Amino acid sequence: MNLMKSRVANEQVSVEVDAAHGPDLGAIMAELRVQYEGIARKNKEESETWYLNKLEAVQSEVKGNTEALRSAQSELSERRRFLQALEVELDSLRKQVQYCTDRQEVGTVLH
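Numbering (this note's numbering), first residue to last: 3 to 113.
Think of the hints as simulated: they come from the structure by calculation, not from any bench. Predicted model only: the values in this text are computed from it and were never measured. Backbone N, C-alpha and C fix where the C-beta goes; we use that ideal spot for every residue, glycine too. All clues stand as given, with none of them false.
The calculated label-pair distances, taken between Cβ atoms and stated as ranges, are: (1) Glu48 <-> Arg72: 32 to 42 Å; (2) Asp93 <-> Glu69: 29 to 39 Å; (3) Ile41 <-> Glu63: 28 to 38 Å; (4) Ser76 <-> Glu48: 34 to 44 Å.
Derived pair list, reagent style DSBU-like, types lysine-lysine, alpha-carbon separation capped at 35 Å: (5) Lys44 <-> Lys65; (6) Lys46 <-> Lys56; (7) Lys44 <-> Lys56; (8) Lys65 <-> Lys46.
Using the sequences and the accompanying hints, generate a full structural model.
If you want it as structure tokens, here you go:
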């Protein structure tokens with residue numbers, strides 16, 4: 003019995019399994035990574051395009067609003083100058099009316 007135990011202990015056992023190979027998980031992960039990176043790159047490009055288009059639209063709107071503001075400020079300044087001219091003319095006419103009224107009163111007193 004000891005002899006058999008020593009023979010078994012000295013023997014090397016080699017076991018080979020004939021089983022179907024499973025999927026190559028490394029290759030699957032590599033393919034998923036390639037797909038993910040492609041999707042991420044596409045999303046980044048689409049996001050950048052959207053951002054640039056939005057930025058251009060906002061800048062165009064700002065430019066239009068700035069031009070409209072300048073035009074409105076110019077018109078306001080023009081109308082203020084016109085109003086000042088009318089106020090000066092009104093003041094002059096009031097003085098003329100007062101002068102004529104004063105002369106008429108003096109003329110009435112003298113007659």
